[in-house]
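Relying on the hints, combine the two individually framed chains into one complex.
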Amino acid sequence: MKLPLSWLKSHVALTDDVATIATHLVRLGHEVEGVEEPRSAVKGVRVGHIIEKKPHPDADKLSLLKVEIGDKQPLTIVCGASNMGEGDKVPVATIGTTLPNGLVIKQGKIRGETSFGMCCSEVELGLADESAGLLILPGDAPVGAEVGELLGLEEAVFDLSITPNRGDCMSVRGLARDLAADSGLELADISIDPVPADSSIALPHISIAAVDGCPLYLGRRIEGVKVSDSPAWIQARLIAAGQRPVNGVVDVLNMIMLDLGQPMHAFDTDSLNGAVSIRITSGGESFEALDGRKLTLPEGDLVVADESAVIALAGIMGSEPSGVTGTTVNIMLESAFFKPAKVSETRRHHGMVSEASMRFERGVDPAMVAVAMEQATTLILETFGGRAGAVSVSGSAGGINAKEPLTFDFSRIEKRLGIEVPESTDAVLSRMGFGVSRSQGKMRVSIPGHRHDVSIPEDISEEYARVIGFDAVPECLPPLATTKPAAVDHSIDYAVADGFVQAISYAFISEAEQRMFSPDDGNDILLENPISEAMAVMRRSGWPGLLGIARHNMNRQQPGVMLVEQGRSYEKNGDGHRENNIMAWLMCGEIQSDQWHTTVRSADFFDMKGAVESWLASNGLTARFMANDDVQGLQAGQSADLFIGKSVVGRIGKVDAAIADHYDIDASVFVAEINLDVLPEGKKAKFQPLPEFPGVERDLVFLFDRTDRVEAILQAVRKAGGNLLTDARVFDRYVGQGVPDGKVSLGVRFTLQDAKRTLTQKDSDGVSAAIVAAMEKIFNAPLRG
Amino acid sequence: MSQIAVMEQQLDAIKEEAKKAFKNASDLSQLDQERVKYLGKKGALTEVLKGVGKLSPEDRPAIGKIVNKVKDDLDRTFKISQAVMKDKLGLLRIEAERVDVTMPGRVTSRGYKHPVQNGLDELTAIFTQMGFDIAQGPEIEDEFHNFDALNIPPEHPARAMHDTFFLKEFTDRPMVLRTHTSPVQIRAMQRFLKEGNEPPLAVVAPGRVYRCDYDMTHSPMFHQVEVFKVDRDVSLANLKGVLKHFLSAYFGKELPIRLRPSYFPFTEPSAEVDIGCVLCDGKGCRVCKQTGWIEVLGSGMIHPNVLKSVGIDSDTYSGFAFGLGVERMVMLKQGIPDLRLFFENDVRFLGRMGS
Ligand SMILES: [Zn+2]
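If you're matching them up, the sequences are chains A and B in order.
My numbering numbers the first residue of the first sequence as 1 and each following residue consecutively.
My numbering numbers the first residue of the second sequence as 1 and each following residue consecutively.
Just chain B, with the same shape it has in the complex (with noise of 0.2 Å):
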């Protein structure tokens, strides 16, 4: 036999044992032991390589070849091994970490805002976009700023409606928690003035209210946001604008309105606002009493007398001023049929009007 058919079959021999080794590998590591085996640098290939030098020099090209293509045949295999081997590792990997996605999630606890306070902010909100100044007052108020600046003189029948609560007298003044936010609107334009501007002035104030008056449709404690605005020639039309715009920016659709006149001390003309049903879309229902429509605040342009406590010049400036119940406004918007809910502070109930 020639040196040659010799290698040839010595290389023969290795191929296949090799190629044994490499399917029969039990794990990565073993794999790679026998690539170090055979295909390594002191590998069993290359030592069969070492005995190309004893053969003649005409011979060596064909040799070489041949341990190449067996070289190459292993590489071959031995990734072909070395994937598959992968493959199942990472499938048995897979299946140990398989979950129960119907487990429940872990949460941490989370908090919720009183439905109030969203109605609060939702309607401030809607105001200061429009270009309307947030201001707040005491709750503890002095007859001046609740009643007689508002136009409400003591022997006023509307004083009378008011359901104050007075306090013991501590003061030199008699004191009364506030019966409406409306005082705000005299605050606000004394420090407006106070501090040497001029109108325009557009003002939301937002706030806790007091009404000695405690039933199933009455909290003796509840939440008002005024809003008003003075300059030159506001008109009853501007009023009219600004109720459709914000009534339908906090109901999040375009809402009929109405106006009917009525009476408050601190405005002239006065009105009633009703908006179109928002649960029946003015169709009636037991909420609208059957009506299609539902009051929703008070409003009118500002008597002079109110401008004139103030020192605000009315042949000039005229002004419109409305204020809201929000506790109103969340359970019309939320189909909240209880105004004691709000103060119970379940917190299964927050939880669920809360956000």
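Bound conformation, chain A alone (with noise of 0.2 Å):
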């Protein structure tokens, strides 16, 4: 909310600087996000009047206007607006003059067109974030007057960012009142004396059915008034608080909801069709918003309606059809109090948010309701004429938001901030609007009707923390609390300490993607309102996420990377849904380089299957791998399962190339998967004594049959071993020259060991014959060479 000086003043006579007026508003919770000083900012910026206005002879979509700024000769400027027409009167840059934006006018060929200046909208003053066109002046404002003068940019503007909490801060007012009480200076007095009623001008027929709802509604009817532009004072005050002027009378309202909080609405009496009530729409409805939106209204929003249609969703959105226009001569006023959690539940059936929604969703002050309707009568009458009508009140505003005083030991407030508060303090609460009284240690708080955001002495303390400031808290230790020692999850450590680099990619992923590694059995999650379809559903793998990964990287001149992730895989379960904890591996492309001492090596399987081998027993655990052809997305032949006991923990295997082409990865791809949760506890390390004895170590060569799997060739080679052998590995695997077709030559080395005695040629000869005996028996397979 932008909240200018001037204005603020108005209300409270501040004497600080503009930094100190800024802690301070910091200091009771209102962040101040900038302070703008637009008038230094827009110095060169004048009034210009165009007198003439031609398309540009070389471009469709720009314009040759002449524009007179009260010098000898109307200047000639080129401009790509659309919205300004002959007439009227605009900012405009002169030569030599620096926009907030950095922008230095120059004079400029523009498609053969020398332009003199540049016409300006409130983007280039600095004054919005958007627009649509030049900003156009109020028609008195004065030719080549500097507009920083003309627009009241007199002095600096505040940025502030108000908490959802403080509807009432929502306000000039509010800001002024919390300043005030601060401070000790006096708020200024608003009263206002009620515009006397014209008794020809009869009274609306307004009811209240959604008592719920709606509390409090005034309605009042104006006659004859004569819609013209507002005048420049409103015009500067909506600018320099960052809206644009719309129409006279939506201009008079918009700059009293500013001013005191309350949002206010003008009805055209001539396009309403009998009594009005507020009600609770039974769904079905149709309505046509002010912004252009068309409707279908559900069941159960709070609405303002004629007898014949709903004219307005209550404290959101007026109608198009009910709406004030330039040619509206009869109006009815409205101003109400909606309940915050209607017209919160109201706005969010349409995903509508309007400066009224805002304040009411929020909380406005009961008290402001009918104020802003005596000021925003004078206004009007004063300025665009007519005759108003009495006051329809219908409701009461002493019941609303109305609480029961607090009362509470004081020493509650101290304790929660840790802090002594002197007893001077409350008068400043009091200031704020609170009846605050403390004797004997016990504290009673009466809450004003504007603050709808303190029930309890929690909020309390926060009002007396934000009034003594949080620098003033000191800081303190408490004890330390734990009773267990940290537990501290090792697994990525282990894949790093592999040569592994860690990957964090989006749990969400696209239905392709998804549809790569897991079928279409239901079991996706799907996002209700995803960023974009590439992020629309929660994976069920890690792999599509590492294939992404891995394909930025090969397109940015990696020979291969080797990527690991931990995270988590999402999917329905029976009723449910289930989140795995994951550890998810990639390999791909050159995992060694050309170096001088050796030879370029790409990933293959038993690469992907050391890793995960060598991290399984990081955790004290080993597995066993067996083929399975079928695993979705990857190549028969070259994946398997990866069981511990009887439970499948994993898989592993080559990306199908299908898939590796889809990422644009032009070498093999290998995956692996663990899920961490069905991970048994591993072997912890237990103390064993070094052996004594030396350890003897034989090879043995065999032919094979290519069929023959290693694990049970291993298991054959341990079983013959017998006691003495502790450890039987393949160390030498040949086929090619000298082998036969469809035989594999298998180099086995082992190991013998007694904890008692050094071994002997007996022993290991013994062994010897025993395996070869045993390959001969079960494989068929002979010693070779």
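There could be a bad hint or two in this list.
[As the list claims (entries may be wrong)] Output of the computed footprint for chain A on chain B, the stretches with three or more beta carbons under 8 Å from beta carbons of chain A:
1. 101-112
2. 326-338
[As the list claims (entries may be wrong)] Think about it this way: if two alpha-carbon atoms lie no more than 16 Å apart in a straight line, the pair counts; the simulated EDC-like pairs of lysine to aspartate or glutamate are:
3. Lys168(B) / Glu533(A)
4. Lys289(B) / Glu33(A)
5. Lys415(A) / Asp315(B)
6. Lys54(A) / Glu31(A)
7. Lys244(B) / Asp471(A)
8. Lys54(B) / Glu8(B)
9. Lys65(B) / Asp12(B)
10. Lys289(B) / Glu31(A)
11. Lys168(B) / Glu511(A)
12. Lys572(A) / Asp142(B)
13. Lys244(B) / Glu475(A)
14. Lys23(B) / Asp100(B)
15. Lys415(A) / Asp231(B)
16. Lys289(B) / Asp159(A)
17. Lys289(B) / Glu36(A)
18. Lys572(A) / Glu47(B)
19. Lys66(A) / Asp88(A)
20. Lys20(B) / Asp73(B)
21. Lys484(A) / Glu195(B)
[Claimed, not checked] On the chain B side, residues computed to face chain A include the following (Cβ under 8 Å):
22. Ser29
23. Thr128
24. Asp133
25. Ile140
26. Phe144
27. Pro157
28. Lys168
29. Asn238
30. Lys240
31. Gly241
32. Arg260
33. Ala271
34. Phe342
35. Phe343
Everything labelled a hint here was simulated from the structure, so no lab data went into it.
All C-beta atoms, glycine included, are put in the ideal place defined by N, C-alpha and C.
Structure follows, in structure tokens:
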């Protein structure tokens, strides 16, 4: 919210400088996002009168303007906007002006036509973040005058971020109240004499059917108004506060909303049919909103309606047909209290936000409903003429937001804040509207109607905290509380130690990516409101994310990548759903580069398998790898399930070439995934004495069938090796010259060891013979050369 | 010529011959052969000594002396020759083994932890050292834990400001992707009470959170760490103490902190926390928009309604809570200018910024 200092000063005679006021605002809880000084920034921008408008001879979208700025000759200006016409007054940045965005205006040629300045919108003047064309100035603006002076951009404008609990501070008056209370200055008197009613004007027929949504509704007819542009001072205020003037009546109501925090609305009475009621919709009615949207209203909306149509979503937006335009003559003003919850509910039905709804949703000051009505009537009559009838009052302000006073031990406040609170601060709360009394450590606080956010003693503690300032609270460490040792998850450290780079990818992927590795079995969890189709479904595997990251890196000249991710996968599970903690790996391309001591090597299945085995070993686990040709997305013959005991804990394999291709990866891609939630507890290393006697290592080379599985071979070796055998592994594998087709030469190395003695030649010969016999018998595999 | 004189002459000749042989030996094994030839059990010197028997008894001691002297002399000469030869061979070997120390070393490729993971680990470690226990919670949350229990009822304006991702209906209640780690507060307290415990309870909850917002400075998924403590008479001063300690520990230097009153539905009072700008030490720079302060997190005293929602008596107990954005902390600490780098996962970035 933009708060012009001059406007603020009309409510409280602040004497501090801008920086000091900003500090007070921050301490009181009103974040200052910036302080703008528009006038100095727009020096050199003057009021220009467009006396001629012609199309640019060489460009459809440009106009050629002749603009009078009070000098001898009118200026020729090339302009890209379209909302201005001959006779309009617009801001002209003259040559040499530096605009707030840093642009320096120079004489320049645009498509062959020389331009001697620039016509500006609110954006270029730094008054708004967007605009729909040039800022059209009031018709009575003096030609050649400095626009900064004209718009009253005399002093600083605070850009505030008002927290959603402080509806009362979404107005100049509310902020002035906080600052006045804090500084001890008087808040200006805004009471106003009621406008005498013209008895010839009928009282509007208004009834409240939805008391739960609207406890108070004021309506008044004004007839015979002549709607014109609002006066320059009102326009200047609106522009300084970041709003665009619309038409006289609407401008007056908007200014009052910004000033007092009470949103108002005006209906064109000639468009209304019969009595007005405030009611809840029963569903099915249509509504054409002022912003052009055509809605069908559901059941439960809080609306204002006449006898034939809904004329406003209460406190949010009026209807297009009942709105006030330049030709409107008779109006009905609305000033009401709509309840926050009901406005919020209705607003959410339609995904609508308006300046009015923001205030009603946060809670307006019930005491302002009548004040705003009188101020608006007075201003409208003064400016646009007309005659006002009496105010029709439905409901009453009395019961709105009325709360029992709070009583509590004052020590509660001091204990929660950790600081002593001097009694002198009570006066500040009193000036904010609270009724405060202290006696014998007991506190009694009554809450003013405009403070919708205060209802418990802790709320009062916050009031004290912001008056005293959080800086005054000391820093004091509490005693330690823990009883448990911290359980640290090392999953990612183990993978990183094996050379993998940790990636973090989004938990949502596209449905197409999901289908690569997961079946279309109805177990996807879909987002209702995804950012895009590429982020529409919760992933069931970490692989699509890693593939995308592999592509990104391979496209940037990485010869190969080794990636790991720890995260979650998500899927439906019967009536519920499941989040699995997973580890996912990916290797592709060169994992060893060409170097002086070694040659280049690309990843294969066994690199991936080794990484997984190593990671499992770090966790004290080993798994069995069981070939599975039917893992979706993995190539048959190079894919497997990981078993620990009887349960599958993960999958590993080579990604289907078509999928790698889809990711533009021109290399074999290997992946693995483990579900951490189903991993059993790993073996904890137990102390074992180191062997005292040396072990013996022997190598034997056999000729096996290609179909013989190494797992089975080693199992047989271990069995034949007996008690002395402590380790057996394949140290060599050879296919090629000298090995018949269908055969493979495998070298088996085994280690023998005895804890009590040094082994002899006889021991190792015996074991070798047993193994040779077993290979012969089980696999029909002869010893090779 | 006397017998002695003859033998003396013989010994002299052997000595000269042997010295020459030792000197001329081409390698250690030849040198050793020469040693055997002259000084060995069957060597030349021994042969001479055999002739001692022919001498008269009175001459024997004299010749013995001479023989021993020659032997000592030759032993010494041999040892010197041997040492010289060893040195010479050693130098040759060393020369042959010379390497170019500027050649690149053999390295095994190493991996890196993601910078966000580092941030999470560092932050979590600071809090566990301060006595907070680690807790986790689901990312797919119900609206009770993500909003209602945190004092954000459906009609609350703050609820609309959360940019919530909703999930297409698949259970009996509407589910969302959690928009903050604060629901872990609720879950941890519920679990703690269910196990029959009574406060104090101090928890740090790191995790992933989701907001439907995607641009230069927003990622739809990011990481938060939620920290809270409930005990008798926990105060705002305690909150400030913990904030000051942990922020200084994380950034590795004593930092000024500033609390500004703010609003969060789940805390009362609430405060935004600023730290003195870590880039300019508070002097003012582009990152802190010349203010010298940087906003790092939201905090406050746990709202009595939140304690009430899990059944903790807010007259007896109070607590503080705060939540911080991990990416933001890592960006500030490591000078990373763009949030999107974290999720692009370029290995060059990860290698440089990770560890
Ligand atoms: Zn700075």
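Check your understanding: Okay, which hints does this one fail, numbers in order?
Key -> The structure conflicts with hints 2, 6, 14, 18, 22, 26, although it agrees with all the remaining ones.
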